[in-house]
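With the hints as a guide, dock the two chains, each given alone in a separate frame, to form the complex.
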Amino acid sequence: MNPELLLAAAIIAGTPILFAALGELLSERAGVINLGLEGTMLVGAVAGFAATTQTGSAWFGTAFAAFAAGLFGLLFAFLVITLRMNQIVTGLAFTILGGGLSAYLGKPFIGKPVADVMAKPDFGALADLPFVGPAFFRHDALVYLAVILAIAVSFYIWRTRYGLILRSLGESPDVVDTLGMNVTLLRYVYVVVGTAFAGLGGAYLSLVYTPSWIENMTAGRGWIALALVIFASWRPMWLLAGAYLFGLVDALRFRMQIGGDALISPYFLNMLPYVATIVVLVLMSSNRSRLKFGAPAALGTAYDRERR
Amino acid sequence: MLNSRVTIGSVLVASAAALCVPGAASAEDPQAAFIYVGPVGDAGWTYRHDVARQCIEAEGTKTAFVETVPETPDVLNVENDFLSQGYNMIFATAFGYQPFTQQVAVANPDKYFFGITPTIAPADNILNFYGKLWDGRYLTGMVAGSMTETNKIGFVAAQPIPTVIAGLNAFTLGARSVNPDVTVEVVWTLSWYDPSAEKQAAVALVENGADVIAQHQDTPSAVQGAAESGAWAIGSESDMTSFAPEKVLTGTVWDWCPFYKSAVDMVKNGTFEPGEFYGGLDDGTVSIAPINAAVSDEIKAKVAETEAALASGSFDYWAGPIKDNEGATVVAEGATLGIADINGMGWLVEGVSGSLPTK
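Chains as they are written, first to last, in full-length UniProt numbering: chain A, 1 to 308; chain B, 1 to 359.
The shape of chain B in the complex, shown without the other chains (with noise of 0.2 Å):
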């Protein structure tokens, strides 16, 4: 181990070296370095965002990658080593890497760095992204509420963060939009990782009545569940519909092509800008997965139509009144929540049965 940092240590003296002298390496020339928090396997979060490092593979732009890499300062030796190798842009596909990454970025201020948002850890040289994923979890939830005939949707969530909160929450507007009579039960597994308790917590709300049951979780052992026992299931991440072909009704899939197309034409015409980029419907970062056979036409039209209106920006379902699960006003009318109200989101909406662990 020792070793080895110091040889990366002395690459990095001579890469630094390697700078000084003029026109040694060109910024108009995109090579792109992946980092990944999970195996490029794992069916959902990294795996789309491998698809997409493909995506820009394919049109030129020289990328590699590492994987399973965990939000410590071990990501410091890895954008260095990248770096030292001559590549000039460093996707850090993790939230829990700002940190570090902005370390590299101060030392290195003529490369290009991209971070998971919310920002904590900004610098001039990182552009961090995200998307609106609730956008697409409303469009399920419609799916999700046009189906189940107990008029109890049971949702398996990961963490209590407001990522995950907004999911739940838009999910449950998306529900209630086309079924006003439902309730969404939803259960925390407090773990992003931890495939037997997303399975059992699925099968948990299925025996207590819900028949559709849908996720926010880094694993399709929840679909499974749910399939397993005879339920709808709504997939996350990922297309899941491979892991339960007849009971996958539809899911949120992330696709980061777009934007890493343009992270490159952005460093290719000297265009790059510091901050924050947010995609959603309008640009396929965010999207849903073929709608099951079994849903009826009407539905998929409606659906198709939000899918339109929400990408145009014509509707806007955060817009008040919004009460929250224990009555309270949390939007009030004639107003509407802005990126950083749902980054800071800490209520449930009406209609989900449940609490937030934290509290």
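Isolated chain A, as found in the complex (with noise of 0.2 Å):
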């Protein structure tokens, strides 16, 4: 096992969860709880591929699969904010609805190329570097996004107006409303960019690591998202750590076996992330660290301004 390809892999594995597990942090920290990943990000993998192959620029399927998920995530939002209908039934039909519209919308690209490969950043000298250099400096450009759209949703969130705001709303929407703020407006905004955060995800599997459309090609990973999400306790940067180490279950897989027996059984890799959110459940379980560490109070509940 080569230790920095084994690295490179685990940033690689780990990349489209961390778009999606960022966009389930905002709608959460929000107070809206989105099951529907996993459709979401398939409808982002389907259109990001479509829109490359009718333009030839996987820039701009990129940002379509954002804006596709986004209007996506506009419905989810309609039925859970505006008609307070149960975020967690409406969720798993999203889920269900999202693997079944991007399998039928999927069906001209199926045994496609990919028409438009993602550009790779140069590093110049910074990626001869020996270890760190195929580690963590020849990846594409999605893998750099992704960590920058990390950083700046940890800032915005711990250091903005704006972001004590987003934690309100998760913690007592009619704080916020008394402040005279439009709660319903600010969720929707959150859920949206949540939605288009996943959908970049999407395009990371259908453009990115493996350049084709495959009907349901997520395989549980917007699942996985939104374990990772608990695991790192709604914190940005906890889940960026998270992510690559998900990852990094992901890319040991299949190295372990390499070579005779695996030291792990690859069954029990495949159960590890969810393993480990449990355990941080049952952590953060206990009264104190829950006030520290636990989920947004209001989190799945509508607002109502008449019930407060």
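None of these hints come from the bench; they were simulated from the model. What you are looking at is a predicted structure, and each value in this text was computed from that prediction instead of being measured. The beta-carbon is built from N, C-alpha and C at its ideal position, and this holds for glycine as well. Hints may contain errors.
Stated by the list, open to error - Short derived list, chain B residues pointing at chain A, Cβ under 8 Å:
# : residue
1 : Gly41
2 : Ala43
3 : Pro195
4 : Leu205
5 : Ser221
6 : Glu350
Below is the structure:
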């Protein structure tokens, strides 16, 4: 096992999960839990692939993936914010809807090669460094975009006024309302931006990771991203580390098997992200740590002014 | 959903009534309906079945198909629906359809059903089919063994079930027949359908020194992963050359056209017999994709010679002695393996580096 290549593989495997989990984090910080992440990623994946095929530009495809997934998220937001439907049930329905919709729209693209390759930034001498170069500085542009987004979201949440409002949205939306701000509008914005991020994760799969459209190609990564948000206890920088950690587990699944008896069964490794999430949930369940690390208090509940 | 079931049910009753009228449907006029487990565009298993469906349609048989049908009781509805439309031959092209097909077959003894072996749910009007895929794997193994310079070949395998294991073992025997120093390193993705995992498995094998990557998967992702990492690739199910024209050496290819044609003829001539059918290199059910120009003519000739010998039955690589990769003799001197042995295979042959994840 080559450690720098293992690290590189972990970063690539972690990137689609990081995009999706960052989006979910924004949505959950605003108090809306979106279980439709898997379906949203698929919509992004097929939209990104289709747009790249039509225009010959991977960048345009990526942007369109975010746009299409955001539209999908807008519909979700309408149902759970305006109509106040149950977020859990609606989210599950959107997982199925996204899977079916993407399969239907993707029919003409099955078996086609991708029309444009995502650019790789040139880091010059950095890329030639031993170990560090191959591990960190030879990736495509979206890998770095994900890192930048994670840092930006972290700064936004902890260091800006709007970040403070975002945190309040998930903790006690009535406070935000009392301050004279529009809870409904703000939640709409965060859900739509969040699903657009998930769309980027989908586009990463269909344009970079396995450059082709294949039905159901997320293969459970949306659920892993959901688990990751809890694992990172709603903190963007922990999310960044967690995504690469989960990516490492993904990369190890195969590398462990090579050359004889696997030290750890691949079945066990497949299960590991979920086990880790449960462990974190258990650790968070004590009262003190719940206050410090727990889920936003208003998560999953629709905001109704009349019932304040 | 409830409504559609009621409709299908009433249609069934109506069609059962129609069957009582003598001469309502002629069994000698074949109409074939197909049920697929994946999309016709999967570039693999289902795609090859659909190509064969078009092949019998071109010869004048009326056909229809439904794709992406899960291996669940939904199969009952689909099959009954086809029967009510007048189709008298049902091709249920996934192993997991068997229990449902059996129910429908028993209820419709004058129709003909075709499923995928090994048979677990027989009936008097079911003929299950498959092919000796392992013979094709042996040949692609020879090509891989001749092209490796590191003497390490990677194999991205789906699930540890006998069909996959037999193919892996045959591939390894083929590779070592031309290059005894070869080891085949296997990685299990534990799924039929996870393109990202398949690709990553291929890349991991190349990182570890493999310079040829073979696979038993339903998508061409491992081929893409191998090609991007600069390794040679061996396809599976269909000709995957188009996914990496420079780097694909060859691959096993299914052709169900000969079997489908013979099935139509059986129904036409009244010679249908239930049981199992195994196609192979001899009837064209299993073949290998055109071999890459980078492979030497000497090897190409050797592969062609072996293909002819396997097809005629004059050569049998399962003949003992064969050891497994833990050193135990699994096929004794003078013995060989039949279809039943292959369908129960649970060991990895000498030369495979890796183990069964179920152990």
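Restraint: serine 221/B near chain A, CB-CB cut 8 Å. Satisfied or not? OK, holds: serine 221/B within 8 Å of chain A, min 5 Å.
Min Cβ distance, proline 195/B to chain A: is it shorter than 8 Å? holds (4 Å)
A closest beta-carbon separation below 8 Å is what the hint needs, so does glycine 41/B meet it against chain A? Where the cut-off is 8 Å and the nearest Cβ of chain A is about 3 Å from glycine 41/B, the hint holds.
Cut-off 8 Å, beta-carbon criterion: hint that alanine 43/B touches chain A: holds (4 Å)
A closest beta-carbon separation below 8 Å is what the hint needs, so does glutamate 350/B meet it against chain A? violated (14 Å)
Supplied contact hint for leucine 205/B, tested at 8 Å Cβ to chain A: Status holds, d = 6 Å.
In summary, the one numbered hint that this structure violates is 6.
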